[in-house]
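S.K.: Residue-level listing of the chains:
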Amino acid sequence: MKKQLSIIGIIFLSFGSCFAGNSDTTRVSDIVDRSLQREEYHLIFDKVPSLLSVWEKGDYALISTGFSSSKGDYTHPQLFFSKNLFEIRSESIKSLPANGWRFFGSVAYTNGNAETGKWNMSYYLPTNGSPYYYMIQQEGTWKSQSYDFNVAAQKNISGRLSAGVGLKYLGDLHFRTFDSRNENTTLKIQVLPSLSMNLDDKNYISIGLLYQRLKNEPDISNKYQHGTEPEKYHLFFNQGLGTWDNSPSQMRMIDSRYGAFISYRKLYKNSSLDAIYTMDYGSEEWLLKSVSTLNNRKEEISRYSYFSHDLALRHRSKTSNGSYVTNFDVKNILGDGAVYKESSDAYQDNYQFFSITADLEVSYIRSNSVLRQLSARLKLDNSSQNDYNYGHISEYTNIEGTLSADVITGKKRDVNFIFGGHFSYKMNLSGNHNPMAAASNFFNTEIAVPAFAYHTSDFYRAGARVSSEFDIAGGYRLDISLSGAFLKPVSINNYENQSTFTLNDNYYIMSLSLCFNF
Amino acid sequence: MKKINLSLIITALVTVIMISACEKKAPELSVIEVTLATSAAFNGVSVSNIPVEITNTVDNTKKTVLTNPAGVALFEDLAPSTYNISASKELTAEVAFNYTGFSKALTINANLQNIAVMPLQTSKQTLTLDGKAGGDLVIKEVYSLGAANDGYAIMFKDQFFEIFNNSDEIQYLDKLYIAYLSPTKAGQGANDVPLGLPLTSFVYASKILQFPGTGTQYPLEPGMGAVVAINAINYKEQKPLALTVDNSKAQFDTYAITWLQSLGRTGNSFFDVDNPNVPNMNCIYLNIQNNGFFNMDDYASIALVKSGPVFTETIKDPTITTSEVYYMKIPVSEIIDGVDILAKSSSAAFKRLPTVIDAGFTYAQENGSANYTGKSLRRKVAKTLASGRKVLQDSNNSSSDFEVVAPATPHSYNIK
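If you read the protein sequences in the order shown, they are chains A and B. Numbers 11 to 528, taken from our numbering, label the letters of the first sequence in order. Numbers 596 to 1011, taken from our numbering, label the letters of the second sequence in order.
In case anyone wonders, no lab produced these hints; they're calculated from the structure. Please note: incorrect hints may appear among the correct ones.
Said to hold, decoys possible - Taking lysine to any residue pairs in the SDA-like style, the calculated list, with each CA pair at most 25 Å apart, reads: (1) B:Lys619 with A:Ser315; (2) B:Lys975 with B:Asp725; (3) A:Lys351 with B:Gly791; (4) B:Lys658 with A:Ser257; (5) B:Lys620 with A:His319.
Excised from the complex, chain B in its bound form (with noise of 0.2 Å):
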């Protein structure tokens, strides 16, 4: 018996360490090595010691390494995916003056989206640094997401976007326009198709509005918002347990009807309601022929335009064949500022604004499915000066400039 016993207990330990014996996979890491450079524009400015940032675009983690003297950033030991890259670095005013021309602060930003590294591979990738002065007007808040706990019955009728002015002087609205850009899908779902149109001269717009005004009608003080409704309603007040927003003090008001039966097209009586005490914003191009307004998209990238261009150039929306969808074409030049707001983390590829405007891009929840949650995107203060007024933080960079808010809050930077 006891010899069976042990003979048994000898065998298992035997067995045991020869299984044991089996050697593990070593880590298939990779390596990106990030160098700086600057636009032509930027010749000069160094690129030593500037944090260098990526973002692996299927887990969401993000790494910061600094530049060496010689511009190089080295991200070892990174798990093979995708990843987005980016970096900036802030001009003060007397340093901004020459090269730009103007004595005002600016952020230079470089991006690359959507690197792909493979096992053990190090991938070596130049960014180059580049900007344009920071404009007086910003775009402070999107909110595009619709309401929550409302029962469905505001739906996204509450979206608004805010234009601030984050000079010190004085600034006027009249005649800018306001972009909603397109592809309309911006990666929630799995069949979603990216434009693929070069950003680099022009961006695409799905619907302009344009502020009302000769020249000088409508001013904006330093420091102050001006919130364009979709339709200038407190819905506050029609549901108070719902996560929305008051948009009766909105300055501005979208409505398309008349303008939509002047062309012989119809509008939606539904969702697009006029308010009569606040001013409507001029319509000027809306791609769909009939039942239209001017909502944004949930996922709503938009831009601020100059006044002065008359657009009439538009293109076809090369990936659907099912029908004929166009859009205008808006030159990147014209663009006082812009906010590039995706669905998820993953949507890089669904970029409608270029690096210069906007060097990342911004989202409500990482991994997308915000609607109707109440979320707004709002642009961070960067200081508040003694006088009240806030000065907001603008280094045409969405993805650090934004904050993710839960209500909406139009108005809420205005001096008191």
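Extracted from the complex, chain A is given alone in its bound form (with noise of 0.2 Å):
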């Protein structure tokens, strides 16, 4: 019932501020204003709520809705062919300034559906390091639905002073539709309660606090295996590059997340300098749903920790006809799992996990100009797997640019055109794979081979996209987007005879949104 009530409450928040009346989102220039506002929020103050006292961008209040498709061979081979995706959202930011209070809300729900991907029963695979997913070899047909729920709130407790807390709550479900039936729940909560410091009007000071409690329930209902039928439906728990269970039990995951973050602001007389790092610990933990007390089984079958930095940096400043926005961030994650063994009844280490990305982008936005807005991107990405074990090692190293450029068809109030355009190339700047004990085990042949290969592989990505942005009934602003990526390998650098894709294939994603802005 707390729960619930919990819930409403959250929706209450988000629709609450967004139906508030006019806000400033209406009254910014242009698609590119609204999208950097966002942007504002969700890179700086997203992170640091009680940092909301100097948010200087105005109310804004919007509700969207999209639908996005992508289909192609040249993906991760435990990922989709294919994926539909269809979305709604509400976002706002509302500000009592007689109060002293602002707020920020946002609901969101997805649903969509998903074909392919061998050797995955999770529907996503970790993004924290780990190595533990339950996978069977056969490919499935998948339907998603997620509930993402984002609010915070700050308020001004003195003249220099400020509190606020972040609170966010993700409900999603994915299950594959036949093929084993296998349901996969995740809920997450996350809290940030964070304090902010004005020492003088132009340097400001926060720290907080971050909690997160993932629980992942997954409802697995093996296939029997019937008559003539392929051997692709035995289930397995992957704990490693070649470590695996080939009997598993029942388990349910806890991924719970401690951590801290410290900010800092500094103004300057044309520009803004905006500083984050954020440092957590976190420990995922697989258990069995049940403990037969005859067996003396353990009840945590596997455990994960990791260690994550993020270093968040973001410069704007203003010149005569127009401003500059850099972006820098920088991710490091460092895990090690452990597997337990009922022969030893100890917990044996057998997994190292390492990865760094850097992304850094500089942005020019021209004020008075056809073109509107030039990017210049650049993505490092490391990644480093070890499984002692087998001394089975997965490393490489990429890099990617990014050049993009929007174009505006004037500053009409009634209606705009906006085109734009970007073009990458990912290169591979190293690879290691040498599977040592493991060479003949099936995740190297079927699983850590190919996918290898997907992430050593150069590609490019080149994507357009068309805006219109008009006025409404009621004072509203109206945007509609569709837009088109289209990726394609350029080369295989590492096992092509043995990759998911060749040279000839390629992944598009296409997309159409709509936005009502408030």
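Mind docking these for me? Both chains are given alone in their own frames, and the hints should help you get the complex.
M.R.: This is the structure we're talking about:
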């Protein structure tokens, strides 16, 4: 009951602020400015709720809906060759200056389906580097739904101090529709309390805490192999790069993360700098749903602990005819996995994960120009997995550069058209795959080799966007966007004979969105 | 602006370099050192250049290394796990005569099961090659897993096994025994418990059948097989689309109801059907009081046993505490041939036959769960003679001697 009440509360907050009347959203110049407004919130204030005291972009409110479709053979072998998603979202910021309060609220619902994806009974693959997931060889057809609630509240508690708290709630359900029905329910709750101090109206410092609990409840209904059907339905629980359990019990996963963050904001005459450093520790535990006292089995079958660091920097500067925005984000995850061995009644360390991603983007936004925005982006991605029971190592480093531009037809209040385009090139800088003792293990031949071939391939991505915006009744502003992107591999650096794609394959993404700005 | 952007990039690079300094853990691999020896009966047989095979029972991967002149095979860079180790050597008829007194080719085997190897450990193991002269009669095929695509109309009623004359002389089946070996659990389920009784002198039977006849009534020509069907019925005719067999041409049928009723017990008329045109096997022992019949376990280890002995000594299953289950003790020395069929590749702990009879074991699917797949375990052909007679592989190691076929193939090796 408490859970339901809290959900109703979140929805109320989200929609309440959304329908609070016309906001600044409709008064900013165009769709580019509105995107910047939201980007500002999600890159800085979403991470430090108490800093909403210095939110300067004005209130906004929107309801958007969109459909995206992606398809192609050039994708990770454990993910999907086809995916369709429908999303509806509401998001707003509302200020109550008389009381010193500011709120953010968003609620989103996503519904979709996906096809294929071998050796995957989780819909997603773990993003924290964990090697643990259920898998069967048989590809599946999936349905998915997710509910995403995100609220933040900030209150000025004195002339210099501000307190804030963010609360996120994500619930999702993914299930395979046939060929072994598998339900996968995930509930994620994140709480972010923080405190900000205004040092001298130009320097702000904030500190905060992070707690996140993710509960994943797979409900596996293993398909019984009938007759001459291929042996693709056997259920495994993956535990490393060759380490797996071939008769796993029903388990649930609890991933608890505890962290702290510190942020600093510096205001200059015509520019500002934000820096946020977050460090957290997480522990992912796979627990038996039922424990037999007769067999004296341990409840916890596998555990994965990890440290992650995230440094985010954002710099904005105004010029006479526009502004520069620079974003830099570097993330590092360092994780260790251990598996319980019944034979020795002990946890055996077997897995190590390391990743670092760095993302630098510089944008130049021109105020009164046909060429409205120019951006350059560079992403570095380094990942390393090591199963030292098998001596199996898979590591790679990739770099991707992107150039993008937006052209606007003019500053017309009644209707505007924006045409955008981007081009990326991803290049593999290095790769090392040595299966050692796992060379004959099916994980190597069926999963690791094609996945490595995918990760170390070079590709280009070309995309285009057409948007239009215009006023509608009630003084509201409507955005319509149609966008598409096309990926094509240009070289397969390793294991070309064992990759799941060829240079003739590709992958495309199309999306259509509609956004009412209030 | 430029200064700030430059400082951002420098900060980024320094951060990347600092974090990248983390080191990887070194592989924690293991070593198995296998030393081959021979039993006293085969003292003098060279142990050099013999292939030794290890199987990781967790991931089913195999590795083979030849022994050096001292009989040592070294397996390096292994994942810590549990391993089965096996080796075999073929002796020609001339060489075998020196050790057995029989001028027949012979394969001697050695096998170790479930050797746990810890990380960074060097595990030293000794394998002793041993064997007995191959039987003239061998178990050619065991079909116990049941029919597929039959809409569960046949289930396992179509089970059979086949005895094959692998020699160049007529053999007689009269009064030979067939023992279905225990325990019935073969490692399929996580809660299956191995029997735990020693396999040195005895194996343990839950059911025993005997071929009828008085001594020379049921001859088996060289290169011919005799099928014993649970029910001698043409199931292929009943369900043409199913993966099943025609058992109507079986030489023998099992039927327990009359025998059980004579003992004051009841049989199972649903699964146990008599074909009056096919001779029945003699019922000797059935450890189920009522409702039993002579079906094989899903994963069925069976043994062909010499005629002559009368089996009377039973032993209680020590792993079952909720009821009393007994097995008949069968002396290993009386076994002519045996095949160990278990649930999956990691089921070595459930072996029901000693190494001297079957150095390994076989299974239909690496990961088990092969019930109702129509699959059958069949002995491989070693060679086909000019006369058309097939000589079957008999190294007393079902891991290498047997293959999986579907559908089952009764009488498939018979001389046409």
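S.K.: Holds or violated: Lys658 (chain B) with Ser257 (chain A), Cα cutoff 25 Å?
M.R.: holds (23 Å)
S.K.: Sort out whether Ser315 (chain A) lies within 25 Å of Lys619 (chain B), counting only the CA atoms.
M.R.: holds (16 Å)
S.K.: Is Lys975 (chain B) within 25 Å of Asp725 (chain B), Cα to Cα?
M.R.: holds (22 Å)
S.K.: Keeping to a limit of 25 Å between CA atoms, is the pair of Lys351 (chain A) and Gly791 (chain B) held or broken?
M.R.: At roughly 22 Å apart (the allowed maximum being 25 Å), Gly791 (chain B) and Lys351 (chain A) satisfy the hint.
S.K.: Check the hint pairing Lys620 (chain B) with His319 (chain A) against an upper bound of 25 Å on the C-alpha distance.
M.R.: holds (21 Å)
The structure shown violates none of the earlier numbered hints.
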